[in-house]
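Colleague: Spelled out from the first residue to the last, the chains are:
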Amino acid sequence: MKEGILLKLLKNPTSKNKGFSYLVDLYHEKIYWMIRKMVLSHDSANDVLQNTYIRIFKGIENFKEKSKLSTWIYRIAYNESIRFLTNESKLKKVELDSNDDNYSRKLYADEYFDAENLSLKFHQILSDLSLRQRNIFNMKYFDELKFSEISKITDMNINTIKSIYYSVEKIIKKEIDESTL
Amino acid sequence: MNQHYNKLGFKIPQNYFKESKDQIINSSNTKENSSTIKNILSIYKYPIAAIFIVSLISYNFLNFKTESFEYDQNSPIIYSIISEEDISEEDILEYFTNNLTINEIKIYK
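As given, the protein sequences belong to chains A and B, one line each in that order.
Each position in the first sequence, counted from 1, maps to that position plus 30 in the numbering used here.
Each position in the second sequence, counted from 1, maps to that position plus 1326 in the numbering used here.
A couple of the hints might just be wrong.
Not the full set, but computed from the structure, chain A residues with beta-carbon under 10 Å of chain B [said to hold, decoys possible]: (1) K46; (2) N47; (3) Y62; (4) I84; (5) Y133; (6) S149; (7) L156; (8) S157; (9) D158; (10) M186.
Think about it this way: if two alpha-carbon atoms lie no more than 16 Å apart in a straight line, the pair counts; the simulated EDC-like pairs of lysine to aspartate or glutamate are [what the hints assert, rightly or not]: (11) A:K136 / A:D158; (12) A:K48 / B:E1416; (13) A:K151 / A:E208; (14) B:K1337 / A:E33; (15) A:K94 / A:E33; (16) B:K1347 / A:D55.
In silico negatives: residues of chain B with every beta carbon more than 10 Å from chain A [claimed, not checked]: (17) L1334; (18) F1336; (19) K1347; (20) I1350; (21) I1351; (22) S1414; (23) L1419.
None of these hints come from the bench; they were simulated from the model.
As the structure is a prediction and not an experimental result, all values here were calculated from the model.
Cβ coordinates follow ideal geometry from the N, Cα and C atoms, glycine included.
Kindly produce the complete structure, drawing on both the sequences and the hints.
Modeller: Here's what the structure looks like:
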């Protein structure tokens, strides 16, 4: 279904429910994985996902169509995840440029994590990155979003995003090459 | 979900996506129903308020009676006014002594 048609359904009170079902069908897995990569545990991701849908449902009338609907949805999911991490860390604002000391602990505590060798190595590299670097890398590498979309979601300059992504990519390649030697 | 996700080792409960989708869609339907009731209420709340105010004003207006002022015709001042006589100082003093309570002022040492 095209975004334009979906938006028409969502903005019309009589077809809002139908439109919302289509939206959930289209974006459910994508939103979940985006959140999961940020909050790590399945249960937390499930909670954040529900809050994200509540915000989407309530806010759809106010969507100004300045960006694609998908970008708007990812932005809500991103902000909800940041809000969750902030509450979790009990800080006023989560530090995007600092490392998450609890990364490994959260990962191992989750029963829905398969600790294989490659996964462990990959997460070890990711845990050394700052939250900002990790989010940008995840969105590009796993979610295959465009740099322009990531820029709108994170509210950051596109060139900064590109430079962060390529530097992280270099670090990861180097680490994996060294470990396989 | 692309092939890179395998590197993350993330798993999900069986049928998670199907069940969570259904749950979210069902809860949105419930919300929509309750919001429809709210919408109906929000449409009718102003006419209801207007009817209430209008009926309140009409009721008060119908029951409004000009209060009749009762006065003592034997009072020298009132009598003087009615009979268009001059009011003497004595009459004024007498009126005030009869009608005003003078507070006692106590001075403590």
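Colleague: Decide, hint by hint, whether the structure agrees.
Modeller: Hints versus structure:
1. At a threshold of 10 Å, the smallest CB-CB gap from K46 of chain A to chain B is about 7 Å, leaving the interface hint in force.
2. Checking N47 of chain A against chain B: minimum C-beta separation of about 5 Å stays under 10 Å; hint holds.
3. Nearest Cβ of chain B to the Cβ of Y62 of chain A: about 7 Å, under the 10 Å cut. The hint holds.
4. At a threshold of 10 Å, the smallest CB-CB gap from I84 of chain A to chain B is about 8 Å, leaving the interface hint in force.
5. For the restraint placing Y133 of chain A at the interface with chain B, the shortest Cβ-Cβ distance is roughly 12 Å, beyond the 10 Å limit, so the hint is violated.
6. At its closest, the beta carbon of S149 of chain A sits 3 Å from a beta carbon of chain B; the interface hint therefore holds under the 10 Å criterion.
7. Contact between L156 of chain A and chain B, as hinted, is supported at the beta carbon level, the nearest pair being about 9 Å apart and thus within 10 Å.
8. Hint status for S157 of chain A: violated, given a least beta-carbon distance of 12 Å to chain B, over 10 Å.
9. The criterion of a C-beta within 10 Å of any C-beta in chain B is not met by D158 of chain A, whose closest approach is roughly 16 Å, and the hint is violated.
10. The interface hint given for M186 of chain A is violated, since its Cβ lies 22 Å from the closest Cβ of chain B, which is over the 10 Å cut-off.
11. With a CA separation close to 14 Å, the supplied pair K136 of chain A and D158 of chain A stays within the 16 Å bound.
12. Our distance criterion of 16 Å between C-alpha atoms is broken by K48 of chain A and E1416 of chain B, whose separation comes to about 91 Å.
13. With a C-alpha separation of about 11 Å, the suggested pair K151 of chain A and E208 of chain A falls inside the 16 Å cut-off, and the hint holds.
14. A hinted pair counts as satisfied when its Cα atoms are at most 16 Å apart, and K1337 of chain B with E33 of chain A does not qualify at roughly 30 Å.
15. For the hint pairing K94 of chain A with E33 of chain A, the CA-to-CA distance comes to about 14 Å; that is within 16 Å, so the pair holds.
16. Between the alpha carbons of K1347 of chain B and D55 of chain A the distance comes to roughly 7 Å, so the proposed pair stays at or under 16 Å and holds.
17. With 10 Å as the threshold on Cβ separation, the claim that L1334 of chain B sits away from chain A is violated: the shortest Cβ distance comes to roughly 6 Å.
18. For F1336 of chain B, the non-interface assignment is contradicted: its Cβ lies about 6 Å from the closest Cβ of chain A, within the 10 Å cut-off.
19. The non-interface label for K1347 of chain B is inconsistent with chain A: the shortest C-beta to C-beta separation is roughly 5 Å, within 10 Å.
20. For I1350 of chain B, the requirement that its beta carbon stay farther than 10 Å from each beta carbon of chain A is not met, with the minimum near 5 Å.
21. With 10 Å as the threshold on Cβ separation, the claim that I1351 of chain B sits away from chain A is violated: the shortest Cβ distance comes to roughly 5 Å.
22. Once the 10 Å rule is applied to beta carbons, S1414 of chain B is consistent with being away from chain A; the minimum gap is 79 Å.
23. Interface exclusion of L1419 of chain B from chain A stands, the closest Cβ pair being 76 Å apart, more than 10 Å.
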